[in-house]
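Engineer: Now for the letters of each chain:
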Amino acid sequence: MPETKPETQPGTKPETKPGTARNGKAPGKAARAAKPARAAAGEAAAPAPAAVPGPLAVLKTYKLYLGGAFPRSESGRTYAVTDHTGRWLANAPLASRKDARDAVVAARRAFPRWSGATAYLRGQILYRIAEMLQSRGEQFAAEVAAAEGVTTEEAARLVAATIDRWVWYAGWTDKITQIGGGANPVAGPYFNLSTPEPTGVVAVLAPRDSALLGLVSVLAPVLATGNTAVLVTSHPRPLPALTLAEVLATSDLPAGVVNILSGDPAELGPPLAAHQDVNALDLTGAAPDEARDLEVAAAHTLKRLHRPDPDEDWQAAPGLARLRSFLETKTVWHPKGI
Amino acid sequence: MPDTATFPGPGASNAAWRAFLHGLPGVDAVGLQERAARLGTRSIKESAKGFAIDTAISMIDLTTLEGADTPGRVRALCAKAAGPEPTDRSVPRAAAVCVYPDLVGTAVEALRGTGVAVASVATAFPSGRAPLEAKLVDTRAAVAAGAAEIDMVIDRGAFLAGDYLAVFEEIAAIREACGDAHLKVILETGELVTYDNIRRACWLAMLAGADFVKTSTGKVAVNATPANTLLLLLAVRDFLAATGRQVGVKAAGGIRTSKDAVKYLVLVNETVGPAWLTPRWFRLGASSLLNDLLMQRHKLRTGSYSGPDYVTVD
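Sequence lines, in order, name chains A and B.
Using UniProt numbering, read the first sequence as starting at 1 and increasing by one per residue.
Using UniProt numbering, read the second sequence as starting at 1 and increasing by one per residue.
In case anyone wonders, no lab produced these hints; they're calculated from the structure.
Careful, some of the hints might be misleading.
Only pairs whose alpha carbons sit at most 27 Å apart, straight line, appear in this in silico DSS-like list of lysine-lysine [claimed, not checked]: (1) B:K299 / B:K259; (2) A:K98 / B:K219; (3) A:K330 / A:K175; (4) A:K63 / A:K98; (5) B:K259 / B:K219; (6) A:K63 / B:K49; (7) B:K49 / B:K259; (8) B:K45 / B:K259; (9) A:K98 / B:K259; (10) B:K45 / A:K98; (11) B:K45 / B:K219; (12) B:K299 / B:K49; (13) A:K98 / B:K299; (14) A:K60 / A:K98.
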C-alpha cells in the first residue's frame, strides 16, 4: 500500500474526540446519559456548562462504482484527496488493474441490453440523470468548489452547465442515427442504407482539471450512442465523479453501463488500452507523454480512439465530435423491386 | 478408515450394506466446508498459475449434453478439444470429449489419432430412471460405438430409499457391460442431501468397481462444490489405503472460471497429492471453463487481458 491515510485529518472537526468521528452513536449515548445526571444535580451544584456536542459529521466513505455496486478497491488501497489548497477532503479508493478488469467485464455484460434499448428509452434515462443531478445540485456545487477552487457562484454555474449538458445529450439519442447515417446513392438497383451503431465498451480517461462538467462532457456522449463505459476519474479531483455514481445508481441506468474507477490514469490506462475486450479509448485525461504509448497499445487491438484537443473548452458548445467518435457504421444493400 | 475384512462382498445382503455404510465415520460438515474454503484462499500466481492453467486444460472433459446437440456441434467441440488454441500448439489438448451415446460415433471419427478420449454418458442420463435392461443396452451401444469412458448415473431413488444392494448391483452390472471402457460413476451429490450420504454413495460406487467417482450431472441446482469434491477426494484416499486400488475423481458442473479450476487443483494436491494431479486420475467436466482458461493463459503470456471475441463460441 504505497499511499495511506495522512496522520492527521484536518477535515475532522476539532471538537470531536479522536476515535468517535466515524461513530455517531457513542457521543449520542453519552449525551443521553448526561441529561438525567445534570437534572439530579440540580442548580446547587452548578456544574460548569459542558460543551454540548453539535451534530457529528459522518465522514463519507467514497467507493468505486462497479457493475451497479459500490465496492472498495480489490487491492484495498486508498489515497488522500485534497482541495485546491492542499486541505484533506476525503480518502478515495485507489483502483487497481484488477478493478479495471472487473469493470470491463461488467461493462461488457451490460452492453447488449443498453445498446439494444430503444434510443427513446436511453434518452429518457439520460434525462432522468439530469433530474437527479439537479436535486443534489448543492452537494455537487460544494464538491466542485472544493475540488477546483472556484467560488460558490461559479461552482453553481458549472453544475447548471453540467445539467444542461446531460439534457443536451439526452436529446441526441434518437437523432444521431439520422445525422450519422442515411441513404446512399449507388449505381445499381439497390437501396443502400448506412446506420451508426454503438462501438461497444469504451474506456474513458476523464479530464484532469474539470471534475464535473468535463467528466459529464466525456461520459454522456458515450452513453447517448449506446456504448457502455469504464471511466477513470481525474486523479486529483475524483470526488464529484464518485458522487455522480450515486446519481447514476438511482436513475434507472442498468447496472454496469457506467463503471467509475478513481485512481491513477498512468496505472489504469495501459491495461485498459491493451485489453482485448475494450473497443474504444478516450484519451482526454491521459498525460501528453503517456498518450502515445496508450495509442500504440490500443492499435494492437484496433480500438477506436478519441484524441483530445488540449485546449478543449468545456463550457463551449460541445458539437458532435464526441458523439461520432464511438460509432460503427453498418451499411445494408437491399435489392429494389423490378 | 474401514477395515478391509469388513467390506460387504458381492453376495452381501441389504442389511450388511446398510450396517457397513452407516458405520462409516460421520462427516463434520462445518469442518469440511471450512477446510475447502481455506484451501480456496491459496494464492497461485505467475509460473505456478501457468502450470495450473495448463494442467487444468489437460484435465478437461469437454462436454456438450444438450437436447439440441448436432453432429456439427460435436465435431466443432472435438476440434477444440484436440487443439484448444489453433494459433498456439503449446496449449495441451483436453482429456476427453463427453457426449450423449448416439453421438459417440461422430466424436470417435472426429478425434481419431488426436489422443483425446471419447466419453459417453449412459444409463438414462441424467435422471437414471429407466429399467436396468435399458441402461445396459444404452451402455453397450456407447461402448460398441467406440466410447473409451462411460459416465453412468446411480439410481438416487433407490439409494435414498435405503436399497443399497440394488444400487451396488446396478453399478456392478454396468461395470461388466463396459468391458475395457473406464467407468465413471456420477453420484449426483446435489440430490443426496447430506455429506454422510455422499460418503456412503462414494464407498458403494468404489466397492462396486468404479474407476472414477464424479460429483454431478450438471443438470441440477447444486453441482460440483469444493466441499463435496474434497469429500470425494478424502474417500478415494481412504479407499486406496484400505484396498490398494486407486480411484479417480471428476468434478463436474458449475466450474466456469480459471480461479475455480485452480481451487480444485489445490484441493487435489493438498488432499491426495501429486499422484492424482494428472488427467488419468482427476478430471474437470466443463464446457465454458476452457475459454476462460485460454483467456487467462493469454493474459499470463502477453500481459494484456483477453476478451471473449478471441475465443470460439463453443
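Engineer: For every hint, state whether the structure bears it out.
Structural biologist: Right, here's what the structure says about each hint:
Of the supplied pair hints, the one linking B:K299 and B:K259 holds, its CA atoms being roughly 13 Å apart against a limit of 27 Å. A C-alpha spacing of about 32 Å is found between A:K98 and B:K219, which places the hinted pair above 27 Å, so the restraint is violated. Between A:K330 and A:K175 the alpha-carbon distance is near 16 Å, which keeps this suggested pair within the 27 Å criterion. Of the pairs offered as hints, the one joining A:K63 and A:K98 holds, with about 15 Å between alpha carbons and a cut-off of 27 Å not exceeded.
Distance restraint check for B:K259 and B:K219: the Cα-Cα separation of roughly 22 Å lies within the 27 Å cut-off, and the hinted pair is therefore satisfied. At roughly 30 Å between alpha-carbon atoms, A:K63 and B:K49 are farther apart than 27 Å, so this suggested pair is violated. Pair hint B:K49 plus B:K259 holds up; C-alpha atoms about 10 Å apart against a cutoff of 27 Å. Only pairs whose Cα atoms come within 27 Å are accepted, and B:K45 paired with B:K259 is accepted, the gap being roughly 11 Å.
With a CA separation close to 14 Å, the supplied pair A:K98 and B:K259 stays within the 27 Å bound. Annotation: proposed proximity of B:K45 to A:K98 holds, straight-line Cα distance about 14 Å (limit 27 Å). Taking the CA atoms of B:K45 and B:K219, the gap is near 32 Å; set against the 27 Å cutoff, the hint is violated. Note on B:K299 and B:K49: the hinted pairing holds, with a Cα-Cα distance of about 11 Å set against a maximum of 27 Å.
Between A:K98 and B:K299 the alpha-carbon distance is near 12 Å, which keeps this suggested pair within the 27 Å criterion. A distance of roughly 24 Å separates the Cα atoms of A:K60 and A:K98; the hinted pair therefore holds under the 27 Å criterion.
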